[in-house]
Every structure is written in C-alpha cells, then in structure tokens.
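Top to bottom, those sequences are chains L and V.
Just so we're aligned, residue 32 is where the first sequence starts under the numbering used here, counting upward by one.
Just so we're aligned, residue 5 is where the second sequence starts under the numbering used here, counting upward by one.
Any given hint could be a false lead.
What the hints assert, rightly or not - Below 30 angstroms or equal to it, Euclidean Cα-Cα: the simulated DSS-like pairs (lysine-lysine) are:
| # | chain 1 | residue 1 | chain 2 | residue 2 |
| --- | --- | --- | --- | --- |
| 1 | V | 79 | L | 284 |
| 2 | V | 260 | L | 284 |
| 3 | L | 284 | V | 125 |
| 4 | V | 53 | L | 284 |
| 5 | V | 48 | L | 284 |
| 6 | V | 79 | L | 400 |
| 7 | V | 53 | L | 400 |
| 8 | L | 270 | V | 125 |
| 9 | V | 128 | L | 284 |
| 10 | V | 21 | L | 170 |
| 11 | L | 270 | V | 119 |
| 12 | L | 170 | V | 128 |
| 13 | L | 270 | V | 21 |
| 14 | L | 170 | V | 125 |
Stated by the list, open to error - Pairwise CB distance ranges, derived in the manner of DEER restraints:
| # | chain 1 | residue 1 | chain 2 | residue 2 | range |
| --- | --- | --- | --- | --- | --- |
| 15 | V | 44 | L | 173 | 27 to 33 angstroms |
| 16 | V | 211 | L | 392 | 41 to 47 angstroms |
| 17 | V | 230 | L | 174 | 44 to 50 angstroms |
| 18 | V | 199 | L | 77 | 45 to 51 angstroms |
| 19 | V | 60 | L | 296 | 23 to 29 angstroms |
| 20 | L | 174 | V | 44 | 27 to 33 angstroms |
| 21 | V | 132 | L | 373 | 52 to 58 angstroms |
| 22 | L | 296 | V | 140 | 34 to 40 angstroms |
| 23 | V | 135 | L | 371 | 41 to 47 angstroms |
| 24 | L | 173 | V | 80 | 26 to 32 angstroms |
| 25 | L | 171 | V | 74 | 27 to 33 angstroms |
| 26 | L | 296 | V | 19 | 57 to 63 angstroms |
| 27 | L | 392 | V | 29 | 41 to 47 angstroms |
| 28 | V | 19 | L | 382 | 52 to 58 angstroms |
Worth flagging that the hints you see were computed from the coordinates, not collected in a lab.
Glycine included, each C-beta is placed from N, C-alpha and C at the ideal position.
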Amino acid sequence: MSDKAKSIASKKSFDQDERLQKVSKLRLLLNRPELGALGGAILVFIFFGIVAGDTGMFSAYGMLNFLDVSANLGIIAIAAAMLMIGGEFDLSIGSMIGFAGICIAIPAIYWGWPLWTSIIFAFAMAVLVGYFNGILVVKTGLPSFIVTLAMLFILRGATLAITRLITGRTQVPGLRVLIENDPIAWIFATDTFTWLFNWLGSMNLIALRTDGTPLATGIPPSVIWFIAATLFATWILMKTRYGNWIFASGGDKNGATNVGVPVGRVKISLFIGTAVAATVFATIQVLDAGSADTMRGNLKELEAIAAAVVGGCLLTGGYGSAIGAAFGALIFGTVSMGIFYTDVDTDWFKVFLGAMMLIAVVFNNYVRKRVTESK
Amino acid sequence: MSENLIEFNNISKFFGKVIALKDVTMKLKKGEIMCLLGDNGAGKSTLIKTLAGVHRPDEGEIIIEGKKTVFDSPKDALDIGIGTVYQDLALVSLMSVTRNFFMGREPLKGIPFIKTFDIEKANKIASERMGQIGIDVRDPSQAVGTMSGGERQCLAISRAIYFGAKVLVLDEPTSALGVHQASMVLKYVVKAASEGLAVILITHNVHHAYPVGNSFTVLNRGRSLGTFNKKDISREELLGMMAGGEELDKLEVELKEMGRLNS
Chain L
32 MSDKAKSIAS KKSFDQDERL QKVSKLRLLL NRPELGALGG AILVFIFFGI
82 VAGDTGMFSA YGMLNFLDVS ANLGIIAIAA AMLMIGGEFD LSIGSMIGFA
132 GICIAIPAIY WGWPLWTSII FAFAMAVLVG YFNGILVVKT GLPSFIVTLA
182 MLFILRGATL AITRLITGRT QVPGLRVLIE NDPIAWIFAT DTFTWLFNWL
232 GSMNLIALRT DGTPLATGIP PSVIWFIAAT LFATWILMKT RYGNWIFASG
282 GDKNGATNVG VPVGRVKISL FIGTAVAATV FATIQVLDAG SADTMRGNLK
332 ELEAIAAAVV GGCLLTGGYG SAIGAAFGAL IFGTVSMGIF YTDVDTDWFK
382 VFLGAMMLIA VVFNNYVRKR VTESK
Chain V
5 MSENLIEFNN ISKFFGKVIA LKDVTMKLKK GEIMCLLGDN GAGKSTLIKT
55 LAGVHRPDEG EIIIEGKKTV FDSPKDALDI GIGTVYQDLA LVSLMSVTRN
105 FFMGREPLKG IPFIKTFDIE KANKIASERM GQIGIDVRDP SQAVGTMSGG
155 ERQCLAISRA IYFGAKVLVL DEPTSALGVH QASMVLKYVV KAASEGLAVI
205 LITHNVHHAY PVGNSFTVLN RGRSLGTFNK KDISREELLG MMAGGEELDK
255 LEVELKEMGR LNS
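Required output: the full structure, derived from the provided sequences and hints.
Written out as structure tokens, the structure is:
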C-alpha cells in the first residue's frame with residue numbers, strides 16, 4: 032500500500048498529465064447528475080441502519096415493504112424525469128393513476144369485459160391523454176405546467192363523476208377473482224423469485240408464518256417493473272438517437288429544431304410516456320388491492336417530480352438521469368416506510384421530503400454551474 | 005472557376021407593408037468569402053433566412069450551380085449544401101461536444117429496429133474534426149458550456165462543414181467575441197474557404213470583415229448598395245457606406261463640440 036502510494040506520488044511529480052487525468056476523472060464523477068441522489072440514498076441507509084437496524088426494517092419482509100413503495104414511485108418518477116429532461120412537466124400523473132384505475136375496474140366489473148381487455152383499454156386511454164397533453168403543449172406553446180394542471184383537474188373530476196354515475200360509489204372492488212387465468216394480468220400481479228424465498232424460509236434464514244410459509248413471499252411485480260424501467264430509460268437516454276433528441280429538446284428547443292431534431296414529436300412521446308407509466312402504476316396497485324379508488328394516486332405527480340429533482344434533473348430541462356430519479360424514489364420510499372420503525376412521529380415525513388428537495392435543488396444548481404463553467 | 009456557386013438575382017421580400025429586402029443581388033464563387041455588411045435593421049437577418057430556406061423571396065431568383073432553385077424549407081437548403089450557422093449557434097451548453105456535434109444527425113449502429121447511437125464513432129469524429137482546427141478536445145464528453153465562445157463558434161462551423169455544407173452562411177460569428185477569440189474564428193473561416201467552400205459572412209464589424217473578405221456587399225435599409233471587390237474599396241469607405249457616412253460625420257462633429265465644451 033505504501034509502495035503504491037509512493038509510486039503514485041513519484042508519478043505525480045514527474046508526469047503532469049497523469050495528475051490532470053486523475054482530477055478530470057474525479058470531476059467527471061462529480062458532474063454526473065445522479066451523484067447527489069446516490070449519496071443521499073447511502074446516507075439514508077446508514078441513518079436507518081443505525082436508528083432502526085434491529086427493528087426488522089432490514090428483514091426480508093421489511094425490505095420488500097420499502098422497496099415496493101420505492102418501486103411504485105420510481106416507475107412514475109423515471110417517466111417524469113425523462114419528460115423533465117425533455118423540458119416539460121406533467122402534473123396530471125397522479126390523476127391519470129386514478130383514471131387508469133377506473134378504466135380497468137368499471138369495464139371489468141360493470142360491463143363484463145375480460146380483465147385483459149380492460150387493461151389494454153386503460154393503456155389506450157393513457158396514450159390518448161398523453162398525446163392530448165403533448166399536442167396541446169407543443170401546438171400552443173403554453174407552459175406544460177398550466178396545461179397539465181388543467182388536465183389534473185379534468186381527469187380527477189371525470190374519474191370521480193364517471194365512477195359515481197356508473198357505480199354510485201367512489202370505489203370499485205371485486206377485481207381479485209378476475210386475475211386468475213387472465214392472459215395479461217399476471218404481468219402486473221405476480222411475485223417472482225418465490226422459489227428463492229421458499230428456500231430461504233426452509234433454511235430458516237427469513238421469518239416464517241405459523242403455517243411454515245415465508246412471511247415475504249417473493250419480489251413484488253412493482254420492483255421488477257421499476258428495475259426494467261430504470262434500465263430501459265437509461266439505455267434510451269445514453270445509447271440511442273432518441274435519447275440525444277430528448278436532451279437536445281430540453282436543453283435548447285430552438286437550437287434543436289434548427290439542426291433537425293423533431294422537438295414536437297419528442298415531447299409528445301414523453302407525455303405519452305408519463306401517462307403510460309401512471310397506468311403501469313395504477314394497474315399494479317389496482318390488481319394488488321383488488322379494487323380501484325377514485326382518489327388513488329392523489330398528489331403522486333408531486334412526489335414523482337420531487338424524486339426526479341432529487342435525482343438530479345434540472346427544472347429547466349436538458350439535464351438529468353433515470354438512475355438519479357430511481358435513487359430519488361428509493362430515498363422517498365425508504366424514508367416513508369422506515370420512519371415507522373423509528374421513534375420519530377410519521378408527521379415529520381413531509382418535512383423531510385421538503386428539506387430533501389431544497390437541498391437537492393441547491394446542490395443541482397451548483398452542479399450545473401460546474402458543468403457549464405468556462406475553462 | 006468562373007462559374008458562380010450561388011447567385012441571388014433581384015431578391016425582394018416584403019412583410020405586409022414593410023419592405024425587408026428590395027432588389028438585392030449578389031454572386032459568390034467557390035473559395036470566396038463575401039462579407040455582408042450592414043447596420044442593425046438593414047435586412048441582414050431577412051437575407052440569411054431567405055438563404056437558409058426559412059423565408060421564400062417574393063421576387064427574384066436564387067441560382068445555385070447554374071440552376072434556378074426554390075427552397076420550400078430549411079431542410080431543402082441544407083440538403084443542397086447551404087449550411088447556416090445562426091448567432092445562437094444551435095448548441096446546447098449542458099450537452100457534450102460529441103452530442104452537440106451530431107445533434108439531430110446521430111450515427112447509428114446495430115441491427116435494424118434496435119439501432120443505437122454509435123457514441124464511440126461520434127466521439128472519434130468530433131475529436132478529429134475539432135483537432136483539425138486546432139482545438140484540442142481532451143474529452144469529447146465534456147459539456148459545451150466549458151468551451152470558450154470562439155471554440156463554440158468553431159464547433160458550430162465545423163459541424164456545418166462536416167454535414168456537407170458547400171456554402172457556409174455565418175451570422176455575426178465574431179460579434180460576441182474578444183479580439184483573440186475572433187481572430188481564431190476568422191482564421192478558421194479563411195481555412196474553410198481555401199478548401200473550396202463559399203462563405204457568406206454576415207457582420208456589422210468592418211474590422212473583422214475587411215481582412216478576410218474577397219468582396220463586400222453593403223446592405224442599407226433593405227437595399228444593396230452594391231458589391232465591391234477588395235481592391236476597389238478601402239476599409240474607411242466601407243465603414244462610411246455601411247453606417248450612412250453622414251451619420252458618422254455628424255457624430256464626429258458632435259463629439260468634437262462636446263470636447264470643446266468640456267475643455
């Protein structure tokens with residue numbers, strides 16, 4: 032170790048380039064948008080490791096619990112992050128979740144549609160809503176903040192009105208029995224790696240129920256969707272032409288248009304992305320709960336944006352990452368569940384959420400200055 | 005080469021009652037740098053946008069390589085080889101050198117339907133191209149925001165050339181730059197012309213235009229005051245013509261009077 036240090040030290044004094052290279056690599060890391068969220072996530076885990084390490088939060092069951100919450104938020108946060116990199120907001124994500132929920136439940140329960148057709152119906156409606164949001168923003172040039180705020184009210188109101196009109200209630204239960212043997216529902220409702228958990232249970236490595244089956248039955252579908260969404264979004268942003276167009280559209284709309292980037296199409300597709308992500312969120316939750324609720328997803332749009340911002344997305348567009356948003360969601364999910372394992376009153380969660388966002392915005396601002404500062 | 009690469013014959017453009025351009029004529033050969041001079045509001049921007057295919061002229065004709073041409077869109081102009089570098093450069097400062105260089109025209113690799121952005125190839129080309137103009141991009145993934153104004157201008161020009169520009173239209177490439185940076189850009193422009201491109205350099209800075217230009221077209225209030233070869237006109241004459249000489253003379257008199265009052 033000391034030899035290595037010496038050789039590095041001697042290299043430093045002789046080889047100036049070597050030193051420059053090292054600095055620039057460190058700077059490269061510092062300039063990554065997801066650095067803040069990664070650091071934040073590590074801090075959060077260290078904190079709960081110390082405060083709640085012996086409470087069962089980090090048992091298999093406890094971990095799946097907070098991972099499930101993080102993953103659900105993450106699915107919409109990643110779509111929100113991509114849209115934000117593309118320079119726009121979607122405040123209608125939360126309402127879309129409620130709307131998608133009843134788009135599945137009402138046809139399935141009241142109109143006798145097979146569950147899979149109502150799921151496809153919900154996704155088709157999501158594409159329509161996203162397209163409408165996008166075309167409105169692109170054609171009118173109005174701030175997406177206003178356009179999607181209007182859509183927030185329209186969708187939430189329509190969800191409530193339609194549900195009450197058809198069912199006379201605000202909840203639509205009874206979906207659970209339809210999941211079995213459905214050709215599509217399993218994609219959103221199946222625990223995976225159950226064999227692993229059974230094996231861990233049989234080895235007495237994880238907690239068991241009184242009947243001998245493990246308490247944690249498998250990886251919930253949300254987590255699989257979350258991981259897949261993170262990888263897919265990162266691949267798109269970093270490795271595809273479309274990804275470059277997203278950064279360009281958000282970074283400088285006019286410049287991008289001048290060099291031939293179809294900015295309008297890119298933005299519309301990103302709006303469709305957030306609506307579809309909201310529908311994935313809704314489908315997973317509706318099938319898990321077995322019922323749709325008109326208030327489902329309330330205020331989720333703000334949590335999604337918060338996670339994207341903590342994950343390093345700039346509010347002005349053109350900068351950010353899907354991995355960052357994933358870590359942002361992990362932070363929120365972990366804290367919102369972890370707080371139950373501590374002596375801290377859960378009322379403090381929102382305070383934490385706000386403080387986290389403020390720190391993130393200040394930090395991001397600093398990062399942007401670093402990235403764009405002149406030589 | 006006697007053939008003109010591009011000819012503008014009696015181009016006029018009206019916006020409602022406003023006459024933005026009237027009977028503007030100019031010709032340009034390969035390897036030539038023509039400076040388009042004019043004060044604010046002289047019609048420079050309208051002329052550039054007509055060249056770039058954003059506006060269609062209401063009168064007159066554009067002839068490119070002997071053929072009468074009509075641009076329906078900026079893309080038409082690009083396809084035919086007119087590369088316009090606007091004042092805002094169409095660069096995104098948060099994005100890397102490579103991602104900017106290939107913005108909108110990314111090289112692809114892989115199998116059909118799952119083609120990915122060939123970032124290694126793009127990095128290599130961007131570094132090479134920037135190296136050719138003497139800008140050492142240590143790391144092509146560095147953000148454009150870290151580059152100097154002159155380097156950004158050169159990047160935008162280099163990009164236009166790489167993507168097949170035969171006629172390079174530069175809108176005020178030196179206006180926001182210091183002396184050193186401006187000379188770096190101008191050197192690059194001369195180099196590009198010597199390699200066979202025709203360059204239209206739009207500026208209101210005669211001191212930047214005069215050393216590099218082969219000919220000068222002066223615009224005033226939408227009309228061309230004529231095209232002059234370098235040997236036929238001095239820097240001072242150009243300056244006088246551009247600002248409407250009287251105005252400068254008046255200014256000089258006024259300033260003198262002020263000086264007298266102060267002393």
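Consistency of the hints with the structure:
| no. | hint | in the structure |
| --- | --- | --- |
| 1 | V/79 x L/284 | 17 angstroms, holds |
| 2 | V/260 x L/284 | 48 angstroms, violated |
| 3 | L/284 x V/125 | 26 angstroms, holds |
| 4 | V/53 x L/284 | 18 angstroms, holds |
| 5 | V/48 x L/284 | 23 angstroms, holds |
| 6 | V/79 x L/400 | 35 angstroms, violated |
| 7 | V/53 x L/400 | 34 angstroms, violated |
| 8 | L/270 x V/125 | 13 angstroms, holds |
| 9 | V/128 x L/284 | 26 angstroms, holds |
| 10 | V/21 x L/170 | 28 angstroms, holds |
| 11 | L/270 x V/119 | 9 angstroms, holds |
| 12 | L/170 x V/128 | 38 angstroms, violated |
| 13 | L/270 x V/21 | 50 angstroms, violated |
| 14 | L/170 x V/125 | 36 angstroms, violated |
| 15 | V/44 x L/173: 27 to 33 angstroms | 32 angstroms, holds |
| 16 | V/211 x L/392: 41 to 47 angstroms | 45 angstroms, holds |
| 17 | V/230 x L/174: 44 to 50 angstroms | 48 angstroms, holds |
| 18 | V/199 x L/77: 45 to 51 angstroms | 59 angstroms, violated |
| 19 | V/60 x L/296: 23 to 29 angstroms | 25 angstroms, holds |
| 20 | L/174 x V/44: 27 to 33 angstroms | 31 angstroms, holds |
| 21 | V/132 x L/373: 52 to 58 angstroms | 57 angstroms, holds |
| 22 | L/296 x V/140: 34 to 40 angstroms | 37 angstroms, holds |
| 23 | V/135 x L/371: 41 to 47 angstroms | 58 angstroms, violated |
| 24 | L/173 x V/80: 26 to 32 angstroms | 30 angstroms, holds |
| 25 | L/171 x V/74: 27 to 33 angstroms | 31 angstroms, holds |
| 26 | L/296 x V/19: 57 to 63 angstroms | 29 angstroms, violated |
| 27 | L/392 x V/29: 41 to 47 angstroms | 55 angstroms, violated |
| 28 | V/19 x L/382: 52 to 58 angstroms | 56 angstroms, holds |
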